[in-house]
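Participant: Read off the chains here:
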Amino acid sequence: MSAAGALDPVRPRRRHSVREILGRSDYAIISELIEPDSRVLDLGCGDGALLAWLAENKRVDARGVEIDGEKVKRAIAQGVSVYQGDINEALADYPDQCFDYIILSQTLQETRQPLHVLREMLRVGRRAVVAFPNFGHWSVRLAMLFFGRAPKTRLFPYEWYDSPNIHFLSIDDFELLIARERVTAERAYFLAGHRTVRALPNLLAEVAVYLLRR
Amino acid sequence: MTGKAVIFHPETHFVRFESLALDCGAALAPVDVAYQAYGQLNAARSNAILILHAFSGDAHAAGVDPKTGKPGWWDSMIGPGRAFDTDQYYVVCSNVLGGCRGTTGPSSINPATGQPYAMTFPVITIGDMVRLQKMLVDHLGIERLLAVAGGSMGGMQALEWAVSYPDRVAGVIPIAATARHSAQQIAFNEVGRQAIIADPDWNEGNYYGTGRKPARGLAVARMVGHITYMSDTSMREKFGRRLRAKDKYGYDFSAEFEVESYLRYRGSEFVNRFDANSYLYITKAMDYFDLTNGSHSLAGVFDGVQARFLVLSFTSDWLYPSYQSQEIVRALRSRNLDVAYCELPSAYGHDAFLVEVDEQADLVRGFLARTLRMQAAA
Numbered sequence: 016m017s018a019a020g021a022l023d024p025v026r027p028r029r030r031h032s033v034r035e036i037l038g039r040s041d042y043a044i045i046s047e048l049i050e051p052d053s054r055v056l057d058l059g060c061g062d063g064a065l066l067a068w069l070a071e072n073k074r075v076d077a078r079g080v081e082i083d084g085e086k087v088k089r090a091i092a093q094g095v096s097v098y099q100g101d102i103n104e105a106l107a108d109y110p111d112q113c114f115d116y117i118i119l120s121q122t123l124q125e126t127r128q129p130l131h132v133l134r135e136m137l138r139v140g141r142r143a144v145v146a147f148p149n150f151g152h153w154s155v156r157l158a159m160l161f162f163g164r165a166p167k168t169r170l171f172p173y174e175w176y177d178s179p180n181i182h183f184l185s186i187d188d189f190e191l192l193i194a195r196e197r198v199t200a201e202r203a204y205f206l207a208g209h210r211t212v213r214a215l216p217n218l219l220a221e222v223a224v225y226l227l228r229r
Numbered sequence: 607m608t609g610k611a612v613i614f615h616p617e618t619h620f621v622r623f624e625s626l627a628l629d630c631g632a633a634l635a636p637v638d639v640a641y642q643a644y645g646q647l648n649a650a651r652s653n654a655i656l657i658l659h660a661f662s663g664d665a666h667a668a669g670v671d672p673k674t675g676k677p678g679w680w681d682s683m684i685g686p687g688r689a690f691d692t693d694q695y696y697v698v699c700s701n702v703l704g705g706c707r708g709t710t711g712p713s714s715i716n717p718a719t720g721q722p723y724a725m726t727f728p729v730i731t732i733g734d735m736v737r738l739q740k741m742l743v744d745h746l747g748i749e750r751l752l753a754v755a756g757g758s759m760g761g762m763q764a765l766e767w768a769v770s771y772p773d774r775v776a777g778v779i780p781i782a783a784t785a786r787h788s789a790q791q792i793a794f795n796e797v798g799r800q801a802i803i804a805d806p807d808w809n810e811g812n813y814y815g816t817g818r819k820p821a822r823g824l825a826v827a828r829m830v831g832h833i834t835y836m837s838d839t840s841m842r843e844k845f846g847r848r849l850r851a852k853d854k855y856g857y858d859f860s861a862e863f864e865v866e867s868y869l870r871y872r873g874s875e876f877v878n879r880f881d882a883n884s885y886l887y888i889t890k891a892m893d894y895f896d897l898t899n900g901s902h903s904l905a906g907v908f909d910g911v912q913a914r915f916l917v918l919s920f921t922s923d924w925l926y927p928s929y930q931s932q933e934i935v936r937a938l939r940s941r942n943l944d945v946a947y948c949e950l951p952s953a954y955g956h957d958a959f960l961v962e963v964d965e966q967a968d969l970v971r972g973f974l975a976r977t978l979r980m981q982a983a984a
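Protein chains in written order, with this note's numbering: chain A, 16 to 229; chain B, 607 to 984.
Please keep in mind that the hints were generated in silico from the structure rather than gathered at the bench. Glycine residues also receive a C-beta, built at the ideal position from the N, C-alpha and C atoms. Check each hint, because a few of them may be wrong.
[As the list claims (entries may be wrong)] If the Cβ cut is set under 10 Å, some of the chain B residues that face chain A in the computed set are:
(1) R774
(2) A905
(3) T921
(4) A946
(5) C948
(6) E949
(7) L969
(8) L974
(9) R976
Put together the whole structure using the sequences plus the hints.
Facilitator: As structure tokens, then:
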């Protein structure tokens, strides 16, 4: 790998930690979850930073879907196979179980039909990795209780009228859904900033990361 | 990535093959191929890229022609430090079968008669062009191409390569291309062909050596072509309603508008460098192009294909619209093939693949670097 790496002028020489590169705690968790040499599809992959890291450090066959053309260009320029398109449409084209992991990081709440996306992820992938912001977090509850307005917190920094988030779910909501769908959560991680939350995740966690399978 | 401006003067090489079997059932014997090559083939012969030219292109893709002083048709993309970096890669481009720039075509001499083939030249296909390119690649001792790349008809050849020779190519870059010519694309080609055929100087294709050629018909064909290569926006920006060398209407049929004068100039210029019969044969080859062979299932065509793909299209290209590229991408996805795709913003229409260098360069560079790494790791 290192000999091949020397041929590549695009790749940075120094090894950065995943947190340093990605600056996102859910990415750090996901990067640890993914088994080496696996096949990964990242839905809403942005500029492909996570995929590039996985390809470089875990020899993952990394693919991505992203709607924003500028981000797609940056991803392809660093050698990541990303295509510009819509998540729903992209999943529909794939045969069953052709990836080891389908990643949906902080995007479930932005999809028009989250349940459909979840089902499709578990059709196309043997496992799904889903990370989402927890609407049940105490800061959101307090803001709602005291100000009586749509949440605008560190977790949900947008005004209601220009937020990409169109579905608001809590960790408990998600648990109920996967139980009803008979989806198994192999692992779940609850995060507040870069810390792991041990107790009362629905109240204390800002972000949840689930590893799911049928 | 070095920005050095190295001017190089490439030579055109020629190689002759004994015979080439064609899709129509006929065979051509012998066949000459004109090609240029830039950069160095490495010891492992693993860094070769075949560039595939569009309808009216030729082998001179990069560098400055020592005789004419003209740069190659994709010179801004190919060279030291450029997207197809000749410091790293060995880049080859050949004139297509049926062409008129060194490779055997209807203007070549038929050895059986001692006369130019003219309309006795067999009808050719994109598949035939690619079969001849593969003979060239074999001749150059290249086991597996790192990539095949081209825009428009070049992109169609790239797709044909991936499907016909799946074990001979690692990366495929079809730009502003399609998996099958649409009714609209066939229609524009037919207008061009009819313009040539309607010219009395075409003379059933037998104009070689007569001192006459169907210059009017070929120029009109090229004018139509140029309209389809631009966009409404690019024409408005480039010409608007501006008049040429006057500020009042002359109430006559001279080339008054800038756009008229531009098209006439392009048309007459084309006549000096292109053969009318080549126009007929090559446009027909494009029209026959259908990767599915009429089976309607594009996805099935990619069974057994191993290459990775970088597919690019441009927002304002209405001749080869993005939906055609997206159709290719969807089919590749359904076979779980490794494909990157981006619809690049441009106002230049179909011409974008030739002029939008900055938009394409980093994508091509990243794709090639990754393909090289994967090939080295395999």
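Participant: Next, verify each hint and record whether it holds.
Facilitator: How the hints compare with the structure:
Restraint check, R774(B) versus chain A: the minimum CB separation of about 21 Å is more than 10 Å; hint violated. For A905(B), the shortest C-beta to C-beta distance to chain A is roughly 9 Å, which falls under 10 Å, so the interface hint holds. Hint status for T921(B): holds, given a least beta-carbon distance of 9 Å to chain A, under 10 Å. This hint holds: A946(B) has a C-beta 4 Å from the nearest C-beta of chain A, less than the 10 Å allowed.
With 10 Å as the threshold, the beta carbon of C948(B) comes within range of chain A, its nearest partner Cβ sitting at about 5 Å, so the hint holds. About 6 Å separates the beta-carbon of E949(B) from the nearest beta-carbon of chain A, less than 10 Å, and the hint is met. Hint status for L969(B): holds, given a least beta-carbon distance of 5 Å to chain A, under 10 Å. The closest approach between the C-beta of L974(B) and any C-beta of chain A is roughly 9 Å, which is under the 10 Å cut-off, so the hint is satisfied.
Taking 10 Å as the C-beta contact cut-off toward chain A, the hint placing R976(B) at the interface holds, the least distance being around 3 Å.
Checked against the numbered hints given earlier, the structure breaks only hint 1 and satisfies all the rest.
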